[in-house]
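K.L.:
These protein sequences, in sequence, are chains A, B, C, D and E.
Residue numbers for the first sequence follow the UniProt record's numbering, so the first one is 1 and each next one is one higher.
Residue numbers for the second sequence follow the UniProt record's numbering, so the first one is 1 and each next one is one higher.
Residue numbers for the third sequence follow the UniProt record's numbering, so the first one is 1 and each next one is one higher.
Residue numbers for the fourth sequence follow the UniProt record's numbering, so the first one is 1 and each next one is one higher.
Residue numbers for the fifth sequence follow the UniProt record's numbering, so the first one is 1 and each next one is one higher.
Keep in mind that a hint or two might mislead.
Remember, identical chains collapse to one label, so a pair may be satisfied in a single copy or spanning two.
[Said to hold, decoys possible] Only pairs whose alpha carbons sit at most 25 Å apart, straight line, appear in this in silico SDA-like list of lysine to any residue: (1) Lys87 with Glu159; (2) Lys155 with His124; (3) Lys92 with Asn166; (4) Lys251 with Pro167; (5) Lys87 with Ser163; (6) Lys257 with Pro79; (7) Lys142 with Ser102; (8) Lys27 with Pro167.
It should be emphasised that the hints constitute simulated quantities derived from the structure, not laboratory data.
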Amino acid sequence: MVDLDKILHNGKALFLAYDHGLEHSPKDFEKGDEFTGAVDPQFILDIAHKGGYTAVALQKGTAEKYYTVWGADERNEVPLIVKLNGKTNIPKVEPYSPLICSVEEAIGLGASAVGYTVFVGSEHEGEMLEIFGAITHEAHAKGLPVVAWMYPRGKWVTEKYGSDTNPDIVAYAARVGLEADADIVKVKYTGDRESFAKVVQAAGRTKVVLSGGEKTEKPEEFIQTVKDVMAAGATGVAVGRNVWKSSDPLKVTEEIKKIVFG
Amino acid sequence: MVDLDKILHNGKALFLAYDHGLEHSPKDFEKGDEFTGAVDPQFILDIAHKGGYTAVALQKGTAEKYYTVWGADERNEVPLIVKLNGKTNIPKVEPYSPLICSVEEAIGLGASAVGYTVFVGSEHEGEMLEIFGAITHEAHAKGLPVVAWMYPRGKWVTEKYGSDTNPDIVAYAARVGLEADADIVKVKYTGDRESFAKVVQAAGRTKVVLSGGEKTEKPEEFIQTVKDVMAAGATGVAVGRNVWKSSDPLKVTEEIKKIVFG
Amino acid sequence: MVDLDKILHNGKALFLAYDHGLEHSPKDFEKGDEFTGAVDPQFILDIAHKGGYTAVALQKGTAEKYYTVWGADERNEVPLIVKLNGKTNIPKVEPYSPLICSVEEAIGLGASAVGYTVFVGSEHEGEMLEIFGAITHEAHAKGLPVVAWMYPRGKWVTEKYGSDTNPDIVAYAARVGLEADADIVKVKYTGDRESFAKVVQAAGRTKVVLSGGEKTEKPEEFIQTVKDVMAAGATGVAVGRNVWKSSDPLKVTEEIKKIVFG
Amino acid sequence: MVDLDKILHNGKALFLAYDHGLEHSPKDFEKGDEFTGAVDPQFILDIAHKGGYTAVALQKGTAEKYYTVWGADERNEVPLIVKLNGKTNIPKVEPYSPLICSVEEAIGLGASAVGYTVFVGSEHEGEMLEIFGAITHEAHAKGLPVVAWMYPRGKWVTEKYGSDTNPDIVAYAARVGLEADADIVKVKYTGDRESFAKVVQAAGRTKVVLSGGEKTEKPEEFIQTVKDVMAAGATGVAVGRNVWKSSDPLKVTEEIKKIVFG
Amino acid sequence: MVDLDKILHNGKALFLAYDHGLEHSPKDFEKGDEFTGAVDPQFILDIAHKGGYTAVALQKGTAEKYYTVWGADERNEVPLIVKLNGKTNIPKVEPYSPLICSVEEAIGLGASAVGYTVFVGSEHEGEMLEIFGAITHEAHAKGLPVVAWMYPRGKWVTEKYGSDTNPDIVAYAARVGLEADADIVKVKYTGDRESFAKVVQAAGRTKVVLSGGEKTEKPEEFIQTVKDVMAAGATGVAVGRNVWKSSDPLKVTEEIKKIVFG
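Let the sequences and hints guide you as you build the complete structure.
P.N.:
Printed below as a string of structure tokens:
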């Protein structure tokens with residue numbers, strides 16, 4: 001039986017996501033020409049631990065070298081979501097995210113759940129759905145929840161929906177998550193509470209968490225988004241840059257927690 | 001030994017199909033800008049149960065979250081067909097439907113039968129026939145019937161046959177189902193009783209069910225189609241939108257049942 | 001040890017081939033706008049049985065539903081060749097015939113031999129030779145003969161040889177059969193006895209059977225071809241349309257038998 | 001431990017190669033419009049036996065039907081090299097040679113060694129190196145030497161090196177053989193003794209045999225080539241057309257043997 | 001538990017890399033028109049042994065024929081890194097390096113660690129990351145460190161970063177190594193100490209070694225680079241041409257050692 005409570009608190013999700021080095025390059029960790037503390041996974045795990053996150057999402061390498069084997073200490077009381085696939089942002093091709101870690105390896109690393117990205121609408125959507133199907137089968141058989149990064153992407157998404165935050169395509173992506181057996185889908189904000197409520201409705205018993213996205217210019221904008229998605233029925237948020245690029249990550253965390261956990 | 005009676009009643013089929021969220025997007029569940037009850041799989045399972053359907057066809061995620069694990073109750077007295085493959089309608093490529101669920105997983109979800117789509121005539125027809133061949137082998141070895149969504153599709157179908165309801169291509173698709181070992185083929189209506197009778201004839205001992213398709217403007221049109229296909233020798237119908245987009249799904253169901261079960 | 005006698009009589013082959021529904025569409029079974037009896041696999045199995053064919057070649061679905069499981073009776077005294085691959089004639093691509101049935105499944109269906117098509121010269125020749133290599137290995141390990149439909153096909157065949165009945169390419173295809181370990185190759189007629197004798201010579205210890213091909217306008221033309229190929233050293237013939245599209249299949253069969261079995 | 005002595009005599013190699021029916025078509029066996037005796041594998045095995053070849057290289061089908069199962073007699077005292085991959089010369093694509101036979105099957109056929117072609121520089125070089133890597137692993141684990149047909153081929157070879165006998169590319173191909181763990185590489189003549197000596201040097205502990213190639217107009221030309229490559233440090237020669245297209249194969253063989261075995 | 005000390009000395013790395021015959025052709029071993037001693041793997045193993053290298057990196061064939069089976073003597077006291085993938089420089093395609101050796105085979109050859117190249121930014125990046133993911137899993141399960149040749153390459157790298165030594169892309173490549181679970185990354189020099197320090201920072205607990213690259217015109221240039229990277233926090237260097245193309249390899253080695261081991 002899949003136990004979602006491993007990565008939730010009172011049924012709500014507060015995830016700290018940290019796979020940006022692979023997905024966007026370490027440029028995400030820079031301020032001016034220097035790296036901030038965010039380049040260091042220990043810094044992130046400290047935030048996760050002190051901030052009371054319900055889970056932290058890492059690639060297998062970061063997990064193995066900072067969470068599991070060498071650096072294990074109180075920081076690994078935060079439940080771990082191992083992200084199973086990932087890619088760089090360099091090749092300009094129809095997006096595909098290769099599988100870098102197996103469910104079995106993730107369990108060995110101490111994962112409480114696994115994560116997987118599906119680029120809905122990409123020419124390679126089918127390959128990702130096939131692998132996602134195998135992952136949900138294996139993870140569920142071993143009692144692990146599956147968090148799906150459901151990201152509309154590729155030329156046909158642009159052509160048909162204009163933007164990857166168009167409510168119709170976000171709702172579609174969330175629904176694909178349900179029908180393909182994700183336990184939680186991580187999706188972008190659609191811009192308003194009403195349309196996000198439809199995303200939640202389309203996802204049915206699959207829970208919805210907000211994908212935090214780029215750091216907003218004004219922190220209060222992000223906080224408003226969190227309020228809107230929670231009011232729309234979301235289960236929580238997965239944050240990254242809006243926290244660890246902030247001047248005071250734990251303060252931002254506290255504000256988010258008030259909204260998410262009520 | 002494959003036992004078709006698991007998903008038939010008196011040798012006739014009344015299937016409720018519900019994989020539209022994945023195949024077409026949740027737009028199929030909208031009326032105006034709002035979702036109708038049809039967005040909720042529970043609503044569908046209630047129709048299936050109260051309507052006396054001989055089986056309901058779901059993707060693995062919908063099955064797992066509403067039929068098998070969390071929501072099991074009297075609704076799962078309706079036999080389950082797990083649809084093993086599926087895709088979104090976004091990428092504009094020669095159609096291919098990836099395998100999302102294995103026969104083994106479907107059995108674990110409580111399936112009485114499995115379903116698989118073959119896009120006959122697609123550039124990827126061969127890959128689907130290879131996988132279909134493996135599925136019929138495994139399913140039959142475990143006593144499960146296989147229902148094949150035999151859908152002509154792709155640029156060469158358009159070029160050679162004009163339409164995917166051209167009687168010649170529908171009969172061809174049905175025959176491919178027989179030779180590739182489908183137990184039941186689900187095909188579109190060819191437009192008249194005579195040509196549909198030839199489809200049934202081409203399928204031989206493989207049974208034929210009507211694919212209900214888009215909601216007709218006037219319900220009586222759809223009822224007439226059901227009459228024609230049954231008169232043509234079909235084993236039954238697989239309906240979706242013409243039932244759950246109807247203002248009174250159970251009433252439509254009763255009309256269909258009278259024709260199918262006589 | 002592979003035992004060819006299972007599908008030969010006095011060392012000669014008289015095969016009834018019936019995979020046209022998949023390969024050409026059920027149009028092959030029409031006369032005017034109606035299907036003839038040939039649309040029904042039972043009709044074919046009756047001819048095979050009454051005509052004393054040394055084997056009948058079927059796709060797995062036709063075999064399972066008419067020969068093996070549900071319809072087994074005296075008709076299945078005729079040895080069965082299960083054709084392992086097949087495709088429709090719709091996609092206009094370099095030809096590839098996907099594997100629909102495994103050797104293991106064919107044995108479960110009661111096969112005395114297996115058949116496989118290699119489109120020699122196609123861009124996908126390599127994939128078919130790889131699979132053919134695995135099939136001959138497995139079939140021979142289990143004592144089953146392998147019949148290879150060696151068909152030159154694709155744009156380079158046309159460019160280099162003009163026609164797929166050019167004696168040079170037919171001899172090449174037969175030789176590929178020998179070197180890739182076919183026990184019997186099924187090839188088209190080259191047009192004259194002398195060139196067909198070279199085909200037989202190129203095939204060495206791999207036996208050669210004529211691929212009957214389209215129904216000839218005058219039956220005596222086909223009979224003359226049978227005489228020529230047998231005189232050229234062929235082991236027999238694999239017939240289909242020239243028999244079951246005939247007005248008197250058993251009479252044509254008798255004429256062929258006189259030539260093949262002498 | 002791999003034992004090269006199985007296919008060498010006093011440390012020298014005299015291989016008779018005979019896979020031309022598959023690679024070039026049976027046209028290689030013609031003189032005028034008729035086949036010579038060379039079309040018959042028995043003829044070749046007789047030459048191999050009487051000529052005292054240290055091994056004969058055959059495709060699996062020729063091996064199974066003439067060497068192993070049905071024709072086994074004194075002819076199979078000649079050690080067998082089963083060529084594991086092969087292709088026709090018809091498709092005009094970047095060259096790839098599909099795997100037709102496994103190491104395991106080759107052993108079952110009585111092989112003392114296995115052979116595999118790598119088209120160095122082809123767009124499909126990588127796929128062949130991957131398979132070659134698996135073959136050397138498996139063959140060496142079972143004590144079998146691996147002979148690599150290292151043939152530069154494809155548009156980039158032509159563009160960069162002009163010819164596939166350019167000494168730089170032949171030396172490169174031989175070196176790839178060493179680093180990828182071939183025990184013996186079969187390469188074309190580079191045109192002069194000095195450059196061939198560098199090929200041998202580049203191959204290091206991997207032994208080098210001459211690929212005989214097309215029948216030379218004057219037999220003495222070929223004999224001179226054999227002298228040159230042996231003087232350059234080659235381990236021996238792999239001959240085909242220069243022997244079995246000769247009017248007196250055994251006489252040519254004797255001349256070669258004098259040079260190879262000294 | 002992975003034990004990096006097997007291939008380090010006092011926590012520092014001095015690797016001798018020698019896969020240039022496969023990657024660049026034996027031209028790398030020439031001086032004028034003749035091969036130098038560097039064409040001979042024994043010559044290299046002697047340098048590795050006498051120079052006190054902490055490991056030598058070889059392809060499987062070179063390892064098997066010179067290190068493991070036939071040539072094993074005191075030279076194999078130097079720990080072995082078996083490079084698992086490799087390719088020639090001939091095909092002008094988006095770079096992909098095929099897997100030639102498995103982790104299991106490398107262990108059988110006596111490897112203390114395995115190496116694998118990822119061409120970051122290539123169209124085939126995804127395939128390499130998938131395989132790299134499987135390799136780190138298997139190697140770590142068996143206690144073997146994984147050294148990743150993290151090389152930015154391909155048209156999009158050129159388009160976006162101009163050069164493969166642009167500090168941004170080198171830092172990105174190093175970070176991919178960390179997140180994908182490399183224990184050591186081998187990267188090119190970025191041109192100055194400050195930017196290389198950021199590469200080391202981006203790699204976190206994954207150690208960084210310098211990829212020596214082409215022989216510099218003046219040896220002191222290379223020595224200066226070694227000083228800079230060590231000052232920047234690198235763990236060591238992997239050298240090849242700057243050592244074995246030198247007139248006095250052991251002298252150069254001594255100079256490097258003084259810097260690396262302090």
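K.L.:
Next, verify each hint and record whether it holds.
P.N.:
Against the structure, the hints come out as follows:
Taking identical chains as interchangeable, the C-alpha atoms of Lys87 and Glu159 lie at most 25 Å apart whether they share a chain (23 Å) or sit on different chains (18 Å). Proximity of Lys155 and His124 under a CA criterion of 25 Å is satisfied in both settings, with 12 Å inside one chain copy and 20 Å between copies. With identical chains, the CA atoms of Lys92 and Asn166 are at most 25 Å apart both within one copy (22 Å) and between copies (19 Å). In this assembly of identical chains, the alpha carbons of Lys251 and Pro167 never lie at most 25 Å apart, being 31 Å within a copy and 34 Å across copies at closest.
Proximity of Lys87 to Ser163 under the C-alpha cut-off of 25 Å is found in both arrangements, the shortest distances being 21 Å within a copy and 20 Å between copies. Taking the closest pair of Cα atoms, Lys257 and Pro79 come within 25 Å of each other only inside a single copy of the chain (17 Å); across copies the shortest separation is 44 Å, beyond that limit. With identical chains, the CA atoms of Lys142 and Ser102 are at most 25 Å apart both within one copy (13 Å) and between copies (16 Å). Only between protomers do Lys27 and Pro167 lie at most 25 Å apart by alpha-carbon distance; the minimum there is 11 Å, versus 30 Å within a single protomer.
Checked against the numbered hints above, the structure breaks only hint 4 and satisfies the rest.
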